[in-house]
Each structure stands twice: as C-alpha cells, then as structure tokens.
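Colleague: Each chain, written out:
Protein chains: 2
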Amino acid sequence: MTEDIQEAGTAPSSGRFEAERSAEIVAASLAGTTDERLREILTSLVRHTHEFVKEVGLTVEEWAAGIRFLTETGQKCDDTRQEFILLSDVLGVSMLVDAVNHPADGPVTESTVEGPFHMVDSPPRALGDTIDEAGLSGEPCLVTGRVTDTDGRPVAGAGIDVWQADAEGFYDVQRPGEVPERNLRGLFTADEDGRFWFRTIVPRYYPVPVDGPVGTLLKATGRHSYRAAHIHVEVSAPGVRTLTTHIFVDDSPYLDSDTVFGVKESLIRAFAPVDDPVRAAEHGLPNPFRHVDFPVVVRRDTQP
Amino acid sequence: MTEDIQEAGTAPSSGRFEAERSAEIVAASLAGTTDERLREILTSLVRHTHEFVKEVGLTVEEWAAGIRFLTETGQKCDDTRQEFILLSDVLGVSMLVDAVNHPADGPVTESTVEGPFHMVDSPPRALGDTIDEAGLSGEPCLVTGRVTDTDGRPVAGAGIDVWQADAEGFYDVQRPGEVPERNLRGLFTADEDGRFWFRTIVPRYYPVPVDGPVGTLLKATGRHSYRAAHIHVEVSAPGVRTLTTHIFVDDSPYLDSDTVFGVKESLIRAFAPVDDPVRAAEHGLPNPFRHVDFPVVVRRDTQP
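Top line first, the protein sequences correspond to chains P and V. Per full-length UniProt numbering, the first sequence starts with residue 1, numbered consecutively. Per full-length UniProt numbering, the second sequence starts with residue 1, numbered consecutively.
Note that these hints are calculated values from the structure, not bench results.
16 Å max Cα-Cα, derived EDC-like pairs, lysine to aspartate or glutamate:
#1 P:Lys219 x V:Glu36
#2 V:Lys54 x V:Glu18
#3 V:Lys219 x P:Glu36
#4 P:Lys219 x V:Asp35
#5 V:Lys54 x P:Glu40
#6 P:Lys54 x P:Glu20
#7 V:Lys54 x V:Glu20
#8 V:Lys219 x P:Asp35
#9 P:Lys54 x V:Glu40
Extracted from the complex, chain P is given alone in its bound form (with noise of 0.2 Å):
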C-alpha cells in the first residue's frame, strides 16, 4: 500500500481527481508528511472516509446536512461542556480507543472510559473517610476493596481515586453552589496491604448532555442517553500501568443499553445490603447499608 501510493505520488497526473482511484489521489499528496505516523493515520482516515462516501452514495444534501452536524458539534464545545468526546461516546469509539490501548490482559482488572468528569482533582482523604460531604443524601454504602498484582501480591500505598455521581444522578460540577465543591470525590491511599475502604452513597444512573447536536443524534435514532449507575476507579502506583475504570452497580437499569457502551460484564458488582448494627457502628455508616467489595489486579511495569 505505502509504495503504491509513493509511486503515484510521483506521478505525474496525481492531483486531477477520478472518482475510482479517488482515496489513492488524495493519499498520494499525503506524500510530502514528514511526521510517517501522521501519515498513517491520514491515509487510512481517508481511504476509509472516501469508501464511506461511496457505499452509501451520499447525496449532496447528506454531505451538507454532515457539515451543519459536525460545525455545530465544534461549536457547542467550551470550558466545561466536550460535545466531539460525547460524539465519540455516544458512537463507542472513545470505548474502542480504550480497548485498542487496554486490551483484555489475563487476571488485570478491565478498563473503561475516563469520561469528562474527572475535570477536578480529588481531594485526598483518610481511610475509611466518606466522600459524601453532602451529608448522605442517598443510600449509605462501604466499599471496600484490594489492590494487587498479577501474582497476587499486594500493591501497597497504591492510590485509590473514586469520582461519582450522587443519588440523583448529578456530579459536584453539574450543581455549583449547591453542593459542597468535589463532593462524592476521593484520593485514597492503599495501606501496606494494599487494601482500601471508605463510605460513600449508592450512585444514580444518570443521562448525558442532550441539549446540543448529540443530544438530537440519540433522539432520531430511538436512544436513550442514560449511563448505568457506576463508581469511578482510578488506580496508580509507581511501577504499575494506571488502570482507569468504573464499579457498575449491578441493580442498575442500563447496564445492556449504556449510551456510551462503557459497560463490561467484569466490572459489574453486587452492592449487597448489609443488615448489621455492630459493622455499621464499627465504620460509622447508618444500618442498614449496602457493600460493594471491589478487588484490583494491576500490572507491573517490566521495565520501571
């Protein structure tokens, strides 16, 4: 493929367009790109963009009603508001990204989307502390979990940041002023054991942005725009590959329908009542309340 298209980058008719070898034309005045990644990366885009083009045999009227699409996209970005990264959740490519960089690695913990979120850093926290500084607006949970690798030693000192949404399906940054700044968010230190706790609420699903062009894309295609409720994880340490990932809570409505496919089936957890006064004293949570135990398998790096 690269020496075709150097060759008819050579030669001499290369810029005068047929509709035939179209992707190839185009691919051969990519010739000049110093940078052979982005090259790559263009030549592919654009043979599978031109073969896209031809196998639906877009009309004019399509191709214009694609360029009102993706402009109003652009232009409904700003500080706090990412609609091209909601495009590409909303269509499983941020997902896919995902996957092609963290693939499935025998016993390590599965990865899913960031998500936007994660826009504030956590506040860090005691072991055991809650994050819920709203004062338990919603179900009372504990959870708990280990951090260890692949040959199950623990990773001790690991830190634990959680993020999530409250019980009605908002985060921090969706309620300014009404909520105490980076409620339900957390920096946690795994102990020598790598073993980490702390008390929370139980998530809410809840719907992505719908008031802008993605919001309209789910709608002409009968989509709900709900995510399953879930925890966010991110775990890191020095010597480890960071793994990013949720706790899907396993009662959730969604979890086969997840407007940004971000469920894995691995990822899903019981968060099992607990009617228990004594353990609910011993952490200082209301009884009855529900656990979620989340183990984590990260890899070390071979190299450090």
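Given the structure of chain P, go ahead and fit chain V onto it with the hints provided.
Modeller: Structure of chain V alone, referenced to chain P:
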C-alpha cells in the same frame, strides 16, 4: 448485514462492550432509527470509523489530538468561513461527493466542486458585457461558448452563471471596499442558438484560507494551499440538469496538484492569445487579448 444487526439489536447483552464486535454493538443500538436512510448512513459511518481506529491502533493521545482538531475546525466557522467544507475539500471528499452524484455521463460536460465563493447572487448582464468592473486590472479575455443537449440541439435561453478570482487571486467578497460589489460575477442568458459570450480578465490561481486548522493540516502534510486558476460556470435551464463546473486555465500552475482535487482533464482549456485589432474592437477589448471557448453539453430531464 441489516438482518445481522437487527438480531444483535434484540440480543440481551448488545449494550455491553466487546472490542471484537464494537461496530456491530453500536450498529445494534441504532435499531430504533425510524429514518431507514439515516440508519444506513450511520451504520456505515460507525463501521468505517471503528475499522479506522483498529487499523491504525489509534492511541489515546492521537484520539485526543483528533478531538481537538475537530473542535477547532468547528469553532473556526462563522458566517463567511466554513472550515469543515474546506476540510472536506482538501481531503477530496467534496469532489468525491460531486462524482457520486454526477457520474461521468457520455458527452455531458463534467462537473466539479461549487466551492465556497458562490455566496452572493451574480448580477444579470447582457451578452458581450464585461464582468470586470474594476477596470481591466488583468489580462483582457473573451469567453465564448454554446450550450447544447446530448443530441447537439441548442438550449436556447440557458442561464450561464459565472464567477471568478481576479488577477491577484481574490474574489470580490475577499476585498470588501476595495473592488465593486459583485465584481467578476455575471448571470448571462444564452441566445436562441444556445450561444453565450462575455468579457473578463484571466483569473489567477489562489490559496485557500490557511489561518485555521486546515492550514495547519496542509502544512503538516507538506502540501501547498493553491487552487489552479479557473472560472466557475453554472448552467441551468428548464428541463435540463443543472451543471456546476469550472473552466481551468491551461497554463496555470497547480493543474496537477489543485489542493481541492478539482481539476478534470476535460475542463482544461487554452486561453489562446489573439492579436487581431478588428476582432478586439468588435468586442470592445484592447488588443491583444486572450480567448477561451467552452462548449457546454447538458442532459435534458427524461421526465419533465
């Protein structure tokens, strides 16, 4: 394909992500699209987008760079600038859409892109008039032609809409206040024999706008930003298919590397030097002048 998707759409775990089946899973989510054509287009778009990501092994950083590029492209657009159309142009997509919608059709004159400068109506002018109201600031030129159908019969009274850049490579709308409004534009009406003629100046090659993301892309790929010199021609009449095309100047640079891939061999014409004081005087042109003849063949609608 359609049936496979419908089956997947009703499968219980369609919304859970699997990298191997990513495009299928997203396509299944489109099962509720009431507009069958929209579903066909989106299904193909998703499949090609996912194949592209897998084929190049897009990294998270490259994905993020793509998101930034698309966002900036959308945000560069305003009432007089359409950066997404420009992107479509320089990737050969606009020419491909034109080709898909106006395939080669025997003796019919070939089409090419309309371009972004047909934004104001051309003023009606009498046959033989000049479209250069700025006072012959370039090489004087006579344009002649005849509109016929595929059987060689004249198309009496055909509308001939022309617009072009000046001898410095600018359209009127790019020099507001400097040149008369609607300079180098004209709407002519062919005579009973389908003939048309008018005076102008020889257009110059010119660059597309490079102060936006598309300019950055052209630079990164080692491409120049120039279009070969041309006169835009749009021919219409009741009962015939409208033709949008260019007359390319045969001694222009960039005929082999037009940055929007607009050149077709059949549209290149000699702008022949003429040294003939009598003929010059007949047309109200200085001597010597240049002359291009552009016969136009259009197709009559079979169903009026």
